[in-house]
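A.B. asks: Read off the chains here:
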Amino acid sequence: MNAEVRVQETQAEASLIEQFAGLAKDQGGVSAETREKAFAEFKEAGLPHRRVEEWHYTDLRAKMRQAFAPAANAGEAVALPELLDDGATARIAIVDGYYRADLSSGVLPEGVTISPIAEGASLFPAKDAIISLNAAFQQEGVSIEVAEGVEVATAIEISHITTGAEKATYPRNRFVVGNGANVLIVERFLGEAGAVYQTNAATEIRVGDEASATFIKLQDESRKAQHLDSVALKIGAHADVNHFTLNAGSDLSRTQLFVEFEGEESNLGARGISVLGDTQHSDVTLFVDHAVPNCESRELYKSVIADKARSVFQGKIIVRPDAQKTDGQMMVQSLLLSEEAEMNAKPELEIFADDVQCAHGSTTGEIDEDLLFYLRARGIPEAEARKMLVLAFLAEAIEEIENERVVALLETQLRALLGSEE
Amino acid sequence: MLEIKNLHAHVEGNEILRGIDLTVKPGEVHAIMGPNGSGKSTLSYVLAGKEDYEITEGSISYNGEDMLELGADERAAAGMFLAFQYPIEIPGVATMTFLKTALNAQRRSRGLEDLPTPEFMKLVKEKSKDLNVSPEMLRRPLNVGFSGGEKKRAEILQMALLEPTLCVLDETDSGLDIDALRIVSEGVNKLRDPSRGMIVITHYQRLLDHIVPDFVHVLSKGKIVKSGGKELALELEANGYADYVGEEAA
Ligand SMILES: Nc1ncnc2c1ncn2[C@@H]1O[C@H](COP(=O)(O)OP(=O)(O)OP(=O)(O)O)[C@@H](O)[C@H]1O
Ligand SMILES: [Mg+2]
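In order, the protein sequences belong to chains A and B. Each residue of the first sequence is one higher than the last, beginning at 0 in numbering that gives the first Met the number 0. Each residue of the second sequence is one higher than the last, beginning at 0 in numbering that gives the first Met the number 0.
Everything labelled a hint here was simulated from the structure, so no lab data went into it. All of these numbers come straight from a predicted model, not from anything done at the bench. Any given hint might turn out to be false.
Claimed, not checked - Once the Cα atoms are required to be at most 27 Å apart in a straight line, the calculated DSS-like pairs of lysine-lysine come out as:
id	chain 1	residue 1	chain 2	residue 2
1	B	Lys121	B	Lys99
2	B	Lys229	B	Lys24
3	B	Lys49	A	Lys386
4	A	Lys324	A	Lys223
5	B	Lys24	A	Lys386
6	A	Lys126	A	Lys345
As the list claims (entries may be wrong) - Just so you have them, the derived chain A footprint on chain B, three or more residues with Cβ under 8 Å:
id	region
7	45-57
8	60-72
9	90-101
10	104-112
Stated by the list, open to error - Counterexamples of contact, computed for chain A against chain B with all Cβ distances above 12 Å:
id	residue
11	Thr162
12	Leu374
13	Lys386
C-beta atoms are modelled at their ideal positions from N, C-alpha and C, and glycine is treated no differently.
Just chain B, same shape as in the assembly (with noise of 0.2 Å):
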């Protein structure tokens, strides 16, 4: 179960986050809706342990151990997956290596062995097949030259085939045809299980028609000002975001 408390994180004397507070527990999907800037990629990494930011107050506990005394290696290995709104392009590291390097990396941290290399090659085949994610795709240095789409999708394959118990999705629609919104959906959704949360950043309703969210909330300007249900993001969509934030936000 993660459970952030009175969160402040500020990056180069600015303050991006101003107390947020939620909790997730297993099993639950909660969405974070929210203007433009209003902190929600912050919080994506402040969650997965980038070191830009500075935590002046709160705490994030997740099962149990305070995430913000581990690094970004140690979260993934507790079980913390982001995937991110901008996926990075690396040349020189091919695909195929660094997933199973980040498979085995994890399996490790667990006193698991390391995965065979015919099974892995079994399991990616398998999951990058659900995926759309083509053969061709994994032969290629990681993310590189990827299509905006392909990369999300590539996200997507990277979580199923790490099989966190936190899942941060941080606008995986964004960039995605209607097809791939469906495919990426129902990647996501085969997830979804009783012992597995997920937070999902979006700006749109149309990727909460394919992954129902439990919850609902509204980040503005580093806070979280309305939570509700998933017909919360029904009525933003009719009404934009101006009942929650005040008369400065479009």
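Pulled out of the complex, with its shape left as it was, chain A reads as follows (with noise of 0.2 Å):
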């Protein structure tokens, strides 16, 4: 630590403070020391500002204003929202942060198992506040264990809602993916139109040996929330692992993923779709660490930010010096709609081997003039046209997934959220 001295308490910090000692520490399947300990290493590192160097682009402590109190117990009127995928889908319903079993149905194959979460080692790689406060805070979520083997068919959809305004909640989840298991699992976070609250998510993954995952987050909060959500993500030997995020509501978001490979000859895909307007700031955080040789990465991430919205990406691949014939692509792209409209991208390589293909790239521009004439030549109405042109842009994000199921899925949230016909 430098000799720097602390800055002044913000008016959220103090509040937290104050939330916290007023907690009730033994709940959720997490003792209190557990807290004590996380909300130390809070205390100590405060809300984050742009001089830490992993938030430059998300001042936490100037947006963050006010801190809500976390919601105390599960909201009783819930609007569940209709399931995404008309194949067959098991619902979770995590409400204000708690598990709500009565709200859940479907029905999971063997070997699936889902139980209020239970206090375990931590799978993030490094010490982050905001990572820290769900750690303090945490509510009841849930741990998903898929068995080994086991090909679960029916998708699994957790439902995050946040009822009434002015809470905060902090779910976290576990979810095990066992040896050569085969799962999908879809997280959507969603609050009442208009409401002012705060989200704070953590999420801990484990793909096993020879398994195949896929993970989908659809962030849809309301546009006043502030929405929080950090994932560790490990992966073993021969996995083949999906990861989609797609950011759609919020006045501000922040999404980090933490990935490390852990086994050899494994891929994986993180993508993501950020579609931004009004003041909306996005920020989606990214972390590959290729811990072992050979293994393989594709991320992609597509923003499409109008009005004075303001999209960040900052990705890092790190190739450790035994991870030999490592392949790790970055891409960043976005399409600005205004003037006013910012990007921040910042793709970052690290790389300690020698016999390595990676590469990393980052794109800003808006749309094509002569590609818009040519469809409005054919009588298409020029809204009509820009928003096809915004849906190709993205398309690329999400063909990429070879699992037709989720490119479907994923497809119909892009067009209903672009408001677009086809």
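Dock chain to chain to rebuild the complex, using the hints, since each chain is given by itself in its own frame.
C.D. replies: Now the structure itself:
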């Protein structure tokens, strides 16, 4: 630690300290000791601000003016959204951070267990103030375990719903995919339109050897909400993993994904789309640790930014000295729809092995007027033509997912989001 | 009926069209020939409503409507169609989605219902067979990876589907092999109709052997310098443009 003088506590920090003091610490299967330790870490760091490198573009200290009190229990009146996939889907409802078994539905095959989360060693590789904050306040999330060799044909949809306003939720979940298992887990974050609230979620995922897993996160919180989400993803050997994030809601959102390859010959597809307008600020921060040889990762993040919105992408692929034959390709592409829209892209490679194939790139552009003219010259009205081009730009991030069910699901979401007909 | 009067167009400060007068009546086919850079594509873009050009003088009216007041999509809805000299590739836009969106957009603008999907599919199948456009091409994103000739056939397929009343073909023959030239010309001739006008821009007589024009115009330095019947094209083929464009042009 350097001898920097601590800045004065913000109002939000003061509220958090007060809320923690009054928190019932023996809930949610986590010991009071763990909570105390996590909160001490948070207190030490404070809310991250722009002089913390990982948070440079998202000054949470400035943006989080107040901290709402954590929801003490699950709200009663819950409007469950329709399931996303018309195929077989099991729903897990997490309301205001609490698992509501009574609202969950659908039959899961043998070999899949869902239970309230219990204490376990953290999979997060680094200390981070908002992860600590989640650990300190964590509510009652779920642990989903897929036993070895089980192929789950049923998609699992976790609906995180915040009821009402002016509250904070701290869901924490764990997914364990056994060796040779196969699963699709969709997480949705939703709230009441226009409601002001805060979500600070954390998810720890472990994918076993020869497993195949797809994780989809759809962030469609209220446009006034603040959404923080941290995901740790550990991948075994010969595994095939996809992670996809769609950011559409929230006034402020930050998704941080920490991936580590622990076994050789595995593949990761980490992709995402942010569709932003008004004054939305959305940050995707990605850390992919090629800790072992012979793994392949593909990172592709696309943003469409209108009005005065701002999208941030920070991605770091790190290739450890032993990780020979690593193949990592990271791409960030953005489409600016207004003069005031802003993109901050910071893709980075840190390579310590010599026999690797890695690349990264970033492009920022506007809608191509020649393409627009071609579509209009065929009678397609300008607004519709623009939507088609935005959809075309984004489609690539979806099409590369080699799972037809997921592609169809995401395309439907995207069309609905853009109000497009086809 | 299309009436272009004293049309002047600038791009980035350069005057490209310098007073064009042209009238195309229903049922007529007009060929426009002229040296490279004389403004043929510019004229076609200006007609279609591309926004890069500044119209400094003159007018374009179609069926009594002032086209210069309308956006590109509205002109298409009014019945105009431009087959591009260089059709654009649009990755991420499925060809079928594009065709359906375009067709239904035009139908809506004319107060018609959307065409039900099965009927649309049938229509595309029928027209694409005529033009030798394979189902495999239709499954690709719009024009992506199409060869030069395939792109031109795809343009004519769009034209056949949309059934415009004024067809502007900008060098549709360039890049076509001998068989494709015949197929495309047959496709165009099928659309010849007493109610439909056509402007065919080309450098070569061989297209006009297939699509026989009623009038031939020579465009040079942004002006029509000579008009005549179909025999004018034969004369140009034999003697070049030298007689009409002055000594600067080759
Ligand atoms: N965007 C532009 N900026 C500057 N000059 C342009 C632009 N577009 C066209 N021009 C110029 O206008 C002139 C006419 O171009 P145009 O494409 O209309 O010619 P053309 O008759 O179609 O030629 P070709 O037979 O080669 O197709 C050319 O000199 C060209 O360089
Ligand atoms: Mg031209």
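A.B. asks: The structure should be examined with respect to each hint, and the outcome stated for every one.
C.D. replies: These are the hints, each one checked on the structure:
1. B:Lys121 with B:Lys99: 12 Å, holds
2. B:Lys229 with B:Lys24: OK: Lys229 of chain B and Lys24 of chain B at ~16 Å, within 27 Å.
3. B:Lys49 with A:Lys386: 19 Å, holds
4. A:Lys324 with A:Lys223: 45 Å, violated
5. B:Lys24 with A:Lys386: The hint is violated at about 36 Å.
6. A:Lys126 with A:Lys345: Since the Cα atoms of Lys126 of chain A and Lys345 of chain A sit roughly 21 Å apart, the hinted pair holds (cutoff 27 Å).
7. 45-57: With 5 residues in contact (Cβ-Cβ under 8 Å with chain A), the coverage given for the region 45-57 of chain B holds.
8. 60-72: holds (count 3)
9. 90-101: holds (count 8)
10. 104-112: holds (count 3)
11. Thr162: 38 Å, holds
12. Leu374: Check fails; 7 Å does not lie beyond 12 Å.
13. Lys386: 10 Å, violated
Going through the hint list in order, the structure does not satisfy hints 4, 5, 12 and 13.
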